[in-house]
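Asks: What follows is each chain in one-letter form.
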Amino acid sequence: MSLRRTPLYDAHLRAGAKMVEFAGWEMPVQYTSVLEEHHAVRNDAGLFDVSHMGVFVFEGPGALEDCNRLITNDLGRIENGRALYTVVVDDEGKVIDDVICYRFSPERILVVVNAANRETDFSWFRSKGAELRDDSDRWALLALQGPRAQSLLQPLASVDLATIRYFRFAEAHLAGKPAIVARTGYTGEDGFELFCRPEDAEALWTALVQAGARPCGLGARDTLRLEAAFCLYGNELTREYTPFEAGLDWVVKLDKNDFVGKEALLRQRAEGVNRKLVGFTLEDRGIPRGGYPVLHDGREVGVVTSGTMSPTLKKPIGLAYVPAELASVGSTFEVKIRDKAAKARVIETPFYRRSR
Amino acid sequence: MAQTVPQDLKYTKDHEWVRREGDELVIGITFFAQEQLGDVVYVELPEVGAEVQAGQPFGVVESTKAVSELFAPASGKVVARNDELVDAPEKVNQDPYGVAWMIRIAPSNLAELDALLDAAAYQKYVEEQQ
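Those protein sequence lines, which keep their order, are chains P and L. Take 1 as the starting number for the first sequence in our numbering and just add one per residue. Take 1 as the starting number for the second sequence in our numbering and just add one per residue.
So here's chain P without its partners, still in its complex pose:
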């Protein structure tokens, strides 16, 4: 099967990107250096192509109710013009995907899903009787992230970006072309996610790069999100785990009307969880990586889901599922790295928090 390409594929090649396969797409993993791209987002402004993500639309009377029945968070509690992070779970409460819903009105909800789950999510929603449309091919998505994102984007924007606060969005024009401007992101920095028409994507990309945004690949996207302790579907979130185990209690609104997975999650809430996702650092040398076993008293008791050498903190960080009794800050366990057991300590997450 041939890999899919975003409308920015040629621009990536021209910028010298190293391309890799990701979820069936050919995507830039880095342009020059993951570390330089990482620091550009923390200190300046970085630009990501996230056009591979799926975009679904619930439209018409009952759109909000339809969508709300399929997610754990509550679209009924937010105003129009706001975005909502949530998970989608199955009847057992296990995570099918994590998504962001954009509430334009009760009659129009847009849902951005992970590229790898586009087909799965769509058929899942349909199997639950929802009316929706897959609009993924009608949108290109760019993420402009970093402390300088707003000042860099403002000259191109038809709206005052200061009025779009965190997790809100507006329909606007960027460089004269229709777009949705959302103050959301996956890096732990201030920034925007920009939806535009595929045919306008390259011009917008080029304008932002010329304004000073540094092209960034999936490599930096991963180290950035991990420092911010954001879950990645496929690593922290899978059909193995529930949102409570992943520490996403805040996106589960159990007092909401009936929704898929509610019974199972009510049960788990009452019974408590046996394992939890924690953030940790290593006290021995080494870098934790997804899949490495977690050991305690010589027994394998859990698994690392993601890990890296934090470019900002300059120390090893990771996320791991561990038994609930080892999940409090300060608890220690070991991570098996090749033939050694490296000492690990649970620390507060996010590992990195931007100064506001």
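Please keep in mind that the hints were generated in silico from the structure rather than gathered at the bench. Among the hints, a few may not be true.
[Said to hold, decoys possible] Straight-line alpha carbon distances no greater than 30 Å define the calculated DSBU-like cross-link-like pairs of lysine-lysine that follow: (1) 13/L - 336/P; (2) 65/L - 314/P; (3) 91/L - 18/P; (4) 13/L - 18/P; (5) 65/L - 343/P; (6) 340/P - 77/L; (7) 314/P - 91/L; (8) 315/P - 91/L; (9) 18/P - 65/L; (10) 65/L - 315/P; (11) 91/L - 124/L; (12) 77/L - 336/P; (13) 94/P - 65/L; (14) 91/L - 340/P; (15) 65/L - 340/P; (16) 336/P - 65/L.
[To be verified] Listing some non-contacts, in silico: residues in chain L with all C-beta distances to chain P over 10 Å: (17) 4; (18) 18; (19) 53; (20) 99; (21) 118; (22) 128.
[As the list claims (entries may be wrong)] Just some of the chain L residues that point at chain P, by a computed CB distance under 8 Å: (23) 41; (24) 62; (25) 65.
Yeah, the Cβ is synthetic: ideal placement off N, Cα and C, and Gly gets one too.
Using the hints provided, position chain L relative to the given structure of chain P.
Replies: Just chain L now, with coordinates in the frame of chain P:
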């Protein structure tokens, strides 16, 4: 990004280089290797006194995304290791053939070097990989 392969070194197909200095061998990874890895953020090397075996792993380099084993081009005893790389792994990207040497060994069988690639053969091998 083309880079000339130093003529005076021998190479493995795993992208390590080896330089003969008197009775000893200095070992590192090639420009191509560091370029494929991306930003190197961690290096793990054997203790001085450890034995390394030709073709067997003797250490690890890790970039932001990848973990890669180091394979010994020749057998012998480690007489020195480059501890500077512990605190400054980025040197592997900056100067893979120079300051970022990894270990120095007292070889047990110099004939093993004959099985390695010379610069021309390695250059050709790299071009085939790209």
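Asks: Indicate, hint by hint, whether the structure satisfies it.
Replies: Each hint, compared with the structure:
1. 13/L - 336/P: 29 Å, holds
2. 65/L - 314/P: 15 Å, holds
3. 91/L - 18/P: 21 Å, holds
4. 13/L - 18/P: 22 Å, holds
5. 65/L - 343/P: 22 Å, holds
6. 340/P - 77/L: At roughly 22 Å apart (the allowed maximum being 30 Å), residue 77/L and residue 340/P satisfy the hint.
7. 314/P - 91/L: 16 Å, holds
8. 315/P - 91/L: Within the cut-off at roughly 18 Å; holds.
9. 18/P - 65/L: 13 Å, holds
10. 65/L - 315/P: Distance ~15 Å between residue 65/L and residue 315/P Cα, so the pair holds.
11. 91/L - 124/L: With Cα atoms ~26 Å apart, residue 91/L and residue 124/L stay inside 30 Å; holds.
12. 77/L - 336/P: Holds: residue 77/L and residue 336/P sit about 27 Å apart, inside 30 Å.
13. 94/P - 65/L: Within the cut-off at roughly 28 Å; holds.
14. 91/L - 340/P: Answer holds: residue 91/L to residue 340/P is near 26 Å, not above 30 Å.
15. 65/L - 340/P: 20 Å, holds
16. 336/P - 65/L: Holds, because 18 Å separates the two Cα atoms, which is no more than 30 Å.
17. 4: 20 Å, holds
18. 18: Its Cβ never comes within 10 Å of chain P, the nearest being 24 Å, so this holds.
19. 53: 16 Å, holds
20. 99: 19 Å, holds
21. 118: Given a closest Cβ separation of 29 Å, the condition holds.
22. 128: 19 Å, holds
23. 41: For residue 41/L, the interface hint holds, since the closest Cβ of chain P sits about 4 Å away, which is under 8 Å.
24. 62: 5 Å, holds
25. 65: 5 Å, holds
Violated hints: none; the structure is consistent with every hint.
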